[in-house]
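K.L.:
Sequence:
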Amino acid sequence: MQATSLRAESLLPQGYSAARLNDPDGLREADALYRRVFGYTDPSFSLNPNLVTSLCHHGGSSVGVFDEFRELVGYAYGFAGIDDGQSFHFSQAAVVDHRQQGRGLGRTLKYLQAEEAARVGHREMRWTFDPLLVRNAHFNLDSLQAVGVGFLPRYFERRESDRILVNWELPADANRERCPKPTPPPTLGRSRWGTAVAGNGNDRWIPLPADANAVPAEVRSRVSERIAETLRATFDERHVLIGCSIVSDDTAAYLAVPRESLGTEQEHA
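The opening residue of the sequence shown carries number 105 in the working numbering; numbering runs sequentially from there.
None of these hints come from the bench; they were simulated from the model.
Even for Gly, the Cβ is constructed at its ideal location relative to N, Cα and C.
Treat the hints with care, since some could be wrong.
[To be verified] Computed beta-carbon distance windows for the label pairs:
hint: 1; residue 1: 275; residue 2: 336; range: 26 to 36 Å
hint: 2; residue 1: 121; residue 2: 342; range: 41 to 51 Å
hint: 3; residue 1: 353; residue 2: 158; range: 27 to 37 Å
hint: 4; residue 1: 354; residue 2: 188; range: 35 to 45 Å
hint: 5; residue 1: 119; residue 2: 333; range: 41 to 51 Å
The whole structure should be built from the sequences, with the hints applied where relevant.
P.N.:
Here you go:
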């Protein structure tokens with residue numbers, strides 16, 4: 105474990121601290137937290153300390169957050185990537201102990217990673233998330249102001265592993281003012297889950313269940329298929345995702361806008 109001098113550490117609650125993790129003991133703690141949070145029991149889903157340490161030597165990140173008792177309660181790691189000649193930092197995972205939810209630790213982990221990425225010269229970060237997880241979508245698109253730039257079907261080469269790819273321009277600024285977003289149309293609801301609904305101008309809304317785990321499995325499966333088809337078309341027609349919010353008791357919605365409306369080109373090969 106190495107002490108940090110990262111500015112993002114100032115975002116933590118009083119008494120909490122952050123550190124770069126690339127030593128065997130620290131990575132064993134990180135692995136235990138990682139498997140506990142995601143509920144992994146298969147050893148093949150464990151963190152590999154040698155691999156993570158090697159990543160850190162070659163432009164990767166491995167950062168942890170500790171509570172006032174020096175217990176590891178948050179962890180994130182990533183690696184250097186390249187796409188069509190453009191380098192970036194890919195955040196593979198960021199996890200927070202269930203008992204520590206709601207304290208801004210996930211947000212801090214991302215900013216810690218962003219500083220590590222910028223330190224080695226990266227100008228953007230990327231990561232993926234499940235399209236049906238509204239809480240993650242809102243965090244990524246609204247809280248962090250990352251941009252959804254691509255749809256990756258069966259990302260992990262198995263069923264139910266569709267992902268949205270996001271891009272986050274660096275240097276990231278935790279104090280950046282959020283852009284106002286339009287009001288969702290009143291036509292969003294259960295009957296439109298997974299389909300595109302026209303908004304202002306060329307904007308589009310894509311409604312989905314506010315809590316996918318609360319709907320029957322067969323409904324979730326149908327919605328997932330419709331969302332996959334809609335997201336493919338959305339990105340093919342040069343739209344990007346900039347928000348996801350709850351619009352009613354049972355419905356949330358993505359906001360998609362033309363790429364050009366952002367002022368800077370958000371591309372995914």
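K.L.:
I want to verify a distance hint. Is the separation of the beta carbons of residue 353 and residue 158 within 27 to 37 Å?
P.N.:
violated (48 Å)
K.L.:
Indicate whether the distance between the beta carbons of residue 275 and residue 336 respects the range 26 to 36 Å.
P.N.:
Holds - the Cβ-Cβ distance for residue 275 and residue 336, about 32 Å, lies within 26 to 36 Å.
K.L.:
If I claimed the Cβ atoms of residue 354 and residue 188 lie 35 to 45 Å apart, would that claim hold in this structure?
P.N.:
holds (40 Å)
K.L.:
Given a hinted range of 41 to 51 Å, is it respected by the beta-carbon distance of residue 119 and residue 333?
P.N.:
Given range 41 to 51 Å: holds, Cβ gap about 48 Å.
K.L.:
Quick check: does the Cβ-Cβ distance between residue 121 and residue 342 fall within 41 to 51 Å?
P.N.:
holds (43 Å)
The structure shown violates just one earlier hint, number 3.
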